[in-house]
Amino acid sequence: MAEMSAWRVNDVVAYDRLRAAATSLTALLLGSALPHDVARAEVIQLRRDLLAVDGFDRTAVDELAGRVSERIRDLAGGRS
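Here the sequence shown is numbered in the numbering used here, starting from 1 and rising by one per residue.
If you're looking for bench data, these hints aren't it; they were derived computationally from the structure. Hints are supplied without guarantee of correctness; some may be wrong.
What follows is a set of in silico ranges between Cβ atoms, one per label pair, in the way DEER data are often shown [as the list claims (entries may be wrong)]: (1) Gly77 x Phe56: 27 to 35 Å; (2) Val38 x Arg8: 33 to 41 Å; (3) Ala20 x Gly77: 17 to 25 Å; (4) Pro35 x Arg58: 34 to 42 Å.
Just so it is clear, CB atoms sit at the ideal spot from N, CA and C, and this is done for glycine as well.
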């Protein structure tokens, strides 16, 4: 019998969505009116946070995804 993975399909989808949102946030930050050094520092921290999150820990993935989504909303709201 095949060994079962610790990940459920919806966990993989949640992690993939987090990575896609982080990519969108990176683009928004680098194209924002923020000073370049501030935007770059935020992108670096985002990358560290993304690499540090345990993909098997759904709570951690959801928490980081929430923070990323909130920051995207902040930046997108300021572009009007």
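Hints and how they fare:
no.: 1; hint: Gly77 x Phe56: 27 to 35 Å; result: 33 Å, holds
no.: 2; hint: Val38 x Arg8: 33 to 41 Å; result: 38 Å, holds
no.: 3; hint: Ala20 x Gly77: 17 to 25 Å; result: 20 Å, holds
no.: 4; hint: Pro35 x Arg58: 34 to 42 Å; result: 35 Å, holds
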